[in-house]
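Participant: The residues making up each chain are set out below.
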Amino acid sequence: MSFAQSWDFTPGARVVADDLRQCSREYEWLEEPHVSPDGERVAMVAALEGPAFTMAVNGEAWETTFDKAWYPRFSPDGRLTVLVQADGDWTLAVDDVAWEEQYGYVWNTMFSASGDIIAACIQQDGEYGFSFDGTPWETLYENANQPVISKDGNAAAAVVQVKSLAQADVVTFQEGIFSVAVNGEAWDSIFVNCWNPVFDPAGKNVAATIRRSLYDYSVAVNGKAWTGSYACAWGPAFNPATGAVAAPVRKAGAWGMAIDDAMAWEPRFGQLWQQAFSPDGSKLAAIACTRFGEFTVAVDGAPWGATFPVVTDLTPSPAGARFAALASDHNTNFAVLCDGKVWDGRYDMAYAPVWSADGAHLALAVEKAGRQTIVVDGKAYPQSFDKCYAPAFSPDGKLVLIRALAGGKCHRIVAPVTAFTG
Amino acid sequence: MKTIADRLIEDEGLRRGVGRLTPEKIQKVFKELVAGECGARMKTYMETCVRCGMCAKACHYYMSHKDPSYTPVAKVSQTMWRLFDADGKVDPEVIYQCAQVAYTECNLCRRCIHYCPLGIDTGYIISVVRRLCHKLGVTPQYIQDTAHSHSATMNQMWVKDDEWPDTLQWQEEEAREEFPGLRIPLDVEGADFMYSVIAPEPKFRTQLIYQAAAIFHAAGVSWTMPATPGWDNSNMAMFTGDSEIMARVERAHYEAAQRLRVKRIVMGECGHAFRAVYDVANRWLGWKWHPVPVVHSVEFFWELIQQGRIKLTHKFAEPVTIHDPCNVIRGRGLMEKLREVVHFLCDNVVEMTPNREHNYCCCAGGGVINCGPPFKNVRIVGNSIKAEQLKATGVHWCIAPCHNCHGGLDDIISKFDLNMHTKFLGDLIYELMEKPE
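Listed in order, the protein sequences are those of chains A and B.
Going by my numbering, the first sequence opens with residue 1073, and the numbers climb by one from there.
Going by my numbering, the second sequence opens with residue 111, and the numbers climb by one from there.
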């Protein structure tokens, strides 16, 4: 049984913490609350006298204190992680237990989809790589950035610098000093730049955007570059069913979609990015600019009718090959786009949409006039909060978990989809 | 009349670049550029200039050297007209000359637009010359290195992913000695604004981050900085002509703000970054306006003062003058707000003449200072008019809300023994404000 399947989805409301300012230790201040995925715990960095830092979880302070603590994040399986420094060295602490290994710096905590594996970027003695559950890559690099881990957490990749570069050495740079390392092992091929490495769903293959010269953009899969040369290209994505690789590419001043180095969508867009396949691989969608300043979503190359100045957060459903996205008028007046239709509501801010497992329902947190709530299928929950975290559906998709803060308390509400009526 | 050929300066990047060219290759790239990227705007400018020379006195290079080959129209005649006249088929050495003019003798300050009876934007024409030079691989070494840095790290100064949050945490720790409880909030989703800076701040000018944090702390505002790339709002790729990298950098900047769900972006005191974020790169990406509202520090400080969030213990007593940075004054029209902020802070303000949208450029902007040591002397001598302008104020303090302006002004202050010092608005606010216990 997965962690999500173990959550309490009994309909009703509970207060998980009735005083967010309460802590078992005297503190100087508490930082932003983070709520666990199941909504049962609320955690904050607590600054203690000293100065020292620890985590307060439902008002109970961890036993361990640190010189610094930042970037608290719950793993998908509900463990609380935080990046910590003690005696000048950095590591990652999980549920009050720090990794034994320490590093010059640790950042960018990442999790496998199920949460069983925790990884983070590390720097040790000026070299860069990954640490998995405390175990670092065998090979570290002069630089490593744009990190990504596979869905199962068994692999990680990053763009790595494989040749040294003297100050202002433009020649060596243009000869190529970057590659992609997977589990610490760099591809044989070296490029001027590599960007946006991405794993396929099985975690076996990696694709990245590359630049072979200042003007020659393309895509490399497992180190092998496409033949095609493009004026520009954004990050690639794998088709989960076929393994084909799709990337937006620019030709003759317009953007199209290349799949396995052949033009699948003709270059006729002013912009094209954030492409995403449906999990069955049958559909490909991307955020598209159809005319200057007019954005929408295009599915299999066909743009939706409604356009907006800005479109973000393209999100495919886990089943049913549906797509949702957010639209805004320059970060105001947010709307939700779902399968080409525009929901009625308009919001001051909207957060990333979340699908039910069967793809039948869509939920998200929204804000209006300083108050937040959860909207499901266009209908708002009839109660507003100071802050709402991402909603979650029960495995059968009939119930919605609301995690929210209001009146200095942390609330946990399970409501049926039918309760969203606003 | 002298020409650019009489004052060529050796630069490794330019020399190596032209060594790979042939007239045929230049022509091919030029014709592709004109056909693919230059529309009615370029054609209109090419056909409407009446060679009246009214632009001459607009240019600080001309006003400093009094050499007609430095006038805006001469810069165009030595570059774009020459290329059009030859249908792009020119000797590689001509491209060297074009590059030196475009990258090091024009700050893209756009002052000359105000003097052209036909409104020709010489800055645009010179930007296209730079785009051509980029496509031909003929760019000055030092600014090209910054464009490389942008491409590899999404920041201008090769700052690595750990160095950014580590620096902020160091500044936060230092500031807590003075302001217990002060935070530099990293990656706080839902904050009112994301504060972005240029890479020289974490690299060399960390006190500016300290001061900004102190001001925001005193003002009690809700803010955050991204823990990931996208924090650097500068964009030297815009000035090398590498539009593709310019866009990639800007996309990272805006996506950081979108990921954090902030209401807007507040930018530090930088002019060129504002131009990239507010006007140029956002439009290359397809947005008509900015996808997340962008506010320059001048405007943000003005808001804080209007809202009574900044209170002073005293005002700066010594006379000061104001330098108007091109990109936020001619580019955004913040001249009056800048003055209101300065008058709030200072008792005695002596205006330069001319000022506001007619102010002379610092001669560092447009990427010129980033072209590095080979061109430094020309840049400084090329702005004696600015030195005269500063000297005429008779003051010892010059307020300039722009990083590049500080670089350019400090150089001419030193060269011409002006006995002046430059200050950011943040320097003054931090110095003068009531500090919370």
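Just so you know, the hints here were simulated from the structure itself, not pulled from any lab data.
Beta carbons: idealized from backbone N, C-alpha and C, even for Gly.
Mixed in with the good hints, there may be bad ones.
[Claimed, not checked] Incomplete in silico selection of chain B near chain A, CB under 10 Å: (1) PRO133; (2) GLY146; (3) ALA150; (4) MET152; (5) THR154; (6) LYS245; (7) GLN251; (8) ASP272; (9) GLU284; (10) ALA285; (11) GLU288; (12) ARG293; (13) PRO339; (14) ARG371.
Participant: The structure should be examined with respect to each hint, and the outcome stated for every one.
Facilitator: Structure-based check of each hint:
1. The interface hint given for PRO133 of chain B is broken, as the beta carbon of that residue sits about 20 Å from the closest beta carbon of chain A, more than 10 Å.
2. Checking GLY146 of chain B against chain A by beta carbon gives a least distance of about 6 Å; that is within 10 Å, so the hint holds.
3. With its C-beta approaching chain A no nearer than about 15 Å, ALA150 of chain B sits outside the 10 Å limit, and its interface hint is violated.
4. The beta carbon of MET152 of chain B comes no nearer than 15 Å to any beta carbon in chain A, farther than 10 Å, and the hint placing it at the interface is violated.
5. A distance limit of 10 Å between C-beta atoms decides the matter here; for THR154 of chain B the minimum to chain A is near 19 Å, and the interface restraint is violated.
6. Proximity of LYS245 of chain B to chain A holds as hinted, the smallest CB-CB distance being about 7 Å (cut-off 10 Å).
7. Nearest Cβ of chain A to the Cβ of GLN251 of chain B: about 6 Å, under the 10 Å cut. The hint holds.
8. With a cut of 10 Å, the hint placing ASP272 of chain B at the interface with chain A holds, because the nearest CB-to-CB distance is about 4 Å.
9. Violation of the interface hint for GLU284 of chain B is found here, the shortest Cβ-Cβ separation to chain A being roughly 13 Å, above the 10 Å cut-off.
10. With 10 Å as the threshold, the beta carbon of ALA285 of chain B stays out of range of chain A, its nearest partner Cβ sitting at about 13 Å, so the hint is violated.
11. Taken as an interface hint, GLU288 of chain B does not check out: its beta carbon lies about 14 Å from the nearest beta carbon of chain A, beyond 10 Å.
12. A cut of 10 Å between beta carbons decides the hint on ARG293 of chain B: the least distance to chain A is about 8 Å, and the hint holds.
13. The restraint placing PRO339 of chain B at the interface with chain A holds, with a minimum CB-CB distance near 7 Å, inside the 10 Å limit.
14. A distance limit of 10 Å between C-beta atoms decides the matter here; for ARG371 of chain B the minimum to chain A is near 6 Å, and the interface restraint holds.
The structure fails to meet hints 1, 3, 4, 5, 9, 10, 11 from the earlier list, while all remaining hints are met.
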